[in-house]
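Peer 1: Here's the letter readout for the chains.
Protein chains: 2
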Amino acid sequence: MTEQSRRIVLARRPSGMVDAETTRLETVPVPEPGPGEAVARVRYLSIDPTIRTWMDDAPGYLPPIEIDAVVRSGGIGEVVASNSERYAVGDTVFGMLGWQDHAVIDEGENTAQVIPPGVEATAALSVFGVTGMTAYFGLLDVGKPQPGDTVVVSGAAGATGSVVGQIAKIKEAGKVVGIAGGPEKCKWIVDELGFDAAIDYKSDDVGARLSELCPDGIDVYFDNVGGAILDTCLSHLALRARIACCGAISAYNDRGDAPGLKNYFSLITRRARMEGFLILDYLDRFPEAQIDMFGWVAEGRITHAEHVVEGLESAPDALNLLFTGGNTGKVVVAVDGA
Amino acid sequence: MTEQSRRIVLARRPSGMVDAETTRLETVPVPEPGPGEAVARVRYLSIDPTIRTWMDDAPGYLPPIEIDAVVRSGGIGEVVASNSERYAVGDTVFGMLGWQDHAVIDEGENTAQVIPPGVEATAALSVFGVTGMTAYFGLLDVGKPQPGDTVVVSGAAGATGSVVGQIAKIKEAGKVVGIAGGPEKCKWIVDELGFDAAIDYKSDDVGARLSELCPDGIDVYFDNVGGAILDTCLSHLALRARIACCGAISAYNDRGDAPGLKNYFSLITRRARMEGFLILDYLDRFPEAQIDMFGWVAEGRITHAEHVVEGLESAPDALNLLFTGGNTGKVVVAVDGA
Numbered sequence: 031m032t033e034q035s036r037r038i039v040l041a042r043r044p045s046g047m048v049d050a051e052t053t054r055l056e057t058v059p060v061p062e063p064g065p066g067e068a069v070a071r072v073r074y075l076s077i078d079p080t081i082r083t084w085m086d087d088a089p090g091y092l093p094p095i096e097i098d099a100v101v102r103s104g105g106i107g108e109v110v111a112s113n114s115e116r117y118a119v120g121d122t123v124f125g126m127l128g129w130q131d132h133a134v135i136d137e138g139e140n141t142a143q144v145i146p147p148g149v150e151a152t153a154a155l156s157v158f159g160v161t162g163m164t165a166y167f168g169l170l171d172v173g174k175p176q177p178g179d180t181v182v183v184s185g186a187a188g189a190t191g192s193v194v195g196q197i198a199k200i201k202e203a204g205k206v207v208g209i210a211g212g213p214e215k216c217k218w219i220v221d222e223l224g225f226d227a228a229i230d231y232k233s234d235d236v237g238a239r240l241s242e243l244c245p246d247g248i249d250v251y252f253d254n255v256g257g258a259i260l261d262t263c264l265s266h267l268a269l270r271a272r273i274a275c276c277g278a279i280s281a282y283n284d285r286g287d288a289p290g291l292k293n294y295f296s297l298i299t300r301r302a303r304m305e306g307f308l309i310l311d312y313l314d315r316f317p318e319a320q321i322d323m324f325g326w327v328a329e330g331r332i333t334h335a336e337h338v339v340e341g342l343e344s345a346p347d348a349l350n351l352l353f354t355g356g357n358t359g360k361v362v363v364a365v366d367g368a
Numbered sequence: 031m032t033e034q035s036r037r038i039v040l041a042r043r044p045s046g047m048v049d050a051e052t053t054r055l056e057t058v059p060v061p062e063p064g065p066g067e068a069v070a071r072v073r074y075l076s077i078d079p080t081i082r083t084w085m086d087d088a089p090g091y092l093p094p095i096e097i098d099a100v101v102r103s104g105g106i107g108e109v110v111a112s113n114s115e116r117y118a119v120g121d122t123v124f125g126m127l128g129w130q131d132h133a134v135i136d137e138g139e140n141t142a143q144v145i146p147p148g149v150e151a152t153a154a155l156s157v158f159g160v161t162g163m164t165a166y167f168g169l170l171d172v173g174k175p176q177p178g179d180t181v182v183v184s185g186a187a188g189a190t191g192s193v194v195g196q197i198a199k200i201k202e203a204g205k206v207v208g209i210a211g212g213p214e215k216c217k218w219i220v221d222e223l224g225f226d227a228a229i230d231y232k233s234d235d236v237g238a239r240l241s242e243l244c245p246d247g248i249d250v251y252f253d254n255v256g257g258a259i260l261d262t263c264l265s266h267l268a269l270r271a272r273i274a275c276c277g278a279i280s281a282y283n284d285r286g287d288a289p290g291l292k293n294y295f296s297l298i299t300r301r302a303r304m305e306g307f308l309i310l311d312y313l314d315r316f317p318e319a320q321i322d323m324f325g326w327v328a329e330g331r332i333t334h335a336e337h338v339v340e341g342l343e344s345a346p347d348a349l350n351l352l353f354t355g356g357n358t359g360k361v362v363v364a365v366d367g368a
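Taken in sequence, the protein lines are chains A and B.
Under the numbering used here, the first residue of the first sequence is numbered 31, with each subsequent residue one higher.
Under the numbering used here, the first residue of the second sequence is numbered 31, with each subsequent residue one higher.
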């Protein structure tokens, strides 16, 4: 009997959160590698907000996931069969492996990167992976904090935001304020990660707290959420402020009805800049950032957290966690389950 | 009998357009210059959208105009009395002279700049003045057009927009598209100013026309209007596009109810930038720009137009013209009237 492999495909485009009808779990034979290909057993999936945007039939930086196609997702796997000179059986690889047990990788479009031995798989997906790189380049290359600056980050207990605040402190920001949901997350970012202050958007008046905590305005705002919080931050900018637009979690599930930005006029009065970026553009600069990041983690200057969800079948629920704020740190699915 | 001087003061903060109750015409004695001061007879007023923003009791880059104070406004005048070594009787000066017949200027806060003989007063207020400088630095310093770029400008038949498009052509933009209101303005910017194409926002579907005219997206958008047109342009950006935020005419009279921007997410997918600027920050760089501008006008490469409204008492109506789109080119009030 042929060995079977599970996979989750997009059954229907969601309107709002992913639900039971959005995806379908299928079983197919384990693929065989063709010439120049390898097959990886997927171990961990990187659950990122951007996956939700790929489920919409809307133009983006990557094409939408097609109906009946496996849900696109970063992941870590172990090479179990190979006809490729690049991949040896036993290698740990990172790539767009998708929500499935087995992924075919090659040296072309479906390439994957071999991870050096000794790097914990979940850390490779979070702080040393795309998430950490997003924090690093978004903050340093787009936000450009100067020593003494007031830096504000939203989604501050999330995978990216939690690292942004810590890098800002390493780079001598004068004050780092995180915006997060709920007292536990707020306590975590201040007590464990060293943020100077936290704003609980679920219970605080964000504008009033920003006035109090950032009396001279925000120099750098790293935005993970878009929507109302971005609009409030726009009205608290310091002169020549930089907004690094990383994501808009608040709008991913309901783009049409999300309220628009009203305070964009302050970009003029504050001579400020709002700039979007995608980590895809920085792939060739990952090594320099990874060297910094390895050092900071080894020195205990950056704490990272992963929120591990067990089982491939839980991937859709894991994705929803990002939008309900049910996670602290990076959401990862352990494909094999408990 | 003392000679009398007219002035227009802010009587009440407007909600929406300026109306009969917003301002009050007063008559006061002609001021005498104190030590170090001079008195200028105001000849022409520069009517700019920003004056409307100063009438609101809202934080801005300059303090609001106080109730019962003369309406703040740039202007050109002739020195008629002087106790200052800087100003001689007969000098033509530019400064914040205000909506009045006579202005007191000094060498400190209420300074004014002496205009060289031979420069036409209305041109000094438009193409060689703040308006032209705004077009120059906003386009070149913030928008940074590269040869071959697609440049779009809104308010394209206005004082600033009309110059922006012409400078873009001089700098070898591949295509310059102006957005203006009505067939006459659209015809003027194409036939007289050399824009490649015009979109009439009053009768065209702006989004559909942008798709048609800018199939590869907008590289530089110079925004004078904000609101719905800015939002539409956001969804037509090329990769690494730059939006130079100069003004938001659509919102000045009704900031609270203006619809917000919904398409800001495309700043991320297009890795684009939206940046505000104020011409006040470029005062020390005016000479370099004025040299370019004098040359271009002399060579016939830049055409400028002034829309002259007669009589100080018409200043409030002249301001409203900017928001109803009743002008083509720079709006100037000839204080003496016809």
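Each hint should be verified, as a subset may be incorrect.
For identical chains, the list gives no copy identity; a pair is met inside one copy or between any two copies.
Derived SDA-like pairs (lysine to any residue); straight-line CA-CA distance at most 20 Å [unchecked claim]: (1) K292 / G257; (2) K205 / G237; (3) K199 / R42; (4) K217 / L269; (5) K174 / R301; (6) K292 / P89; (7) K205 / R239; (8) K292 / T262; (9) K292 / S265; (10) K205 / V236; (11) K205 / F324; (12) K292 / A258; (13) K174 / R270; (14) K205 / F316; (15) K292 / F324; (16) K174 / V144; (17) K217 / D230.
Just so you know, the hints here were simulated from the structure itself, not pulled from any lab data.
Peer 1: Flag every earlier hint the structure violates by its number, smallest first.
Peer 2: Of the numbered hints, 3, 4, 11, 14, 15, 16 do not hold.
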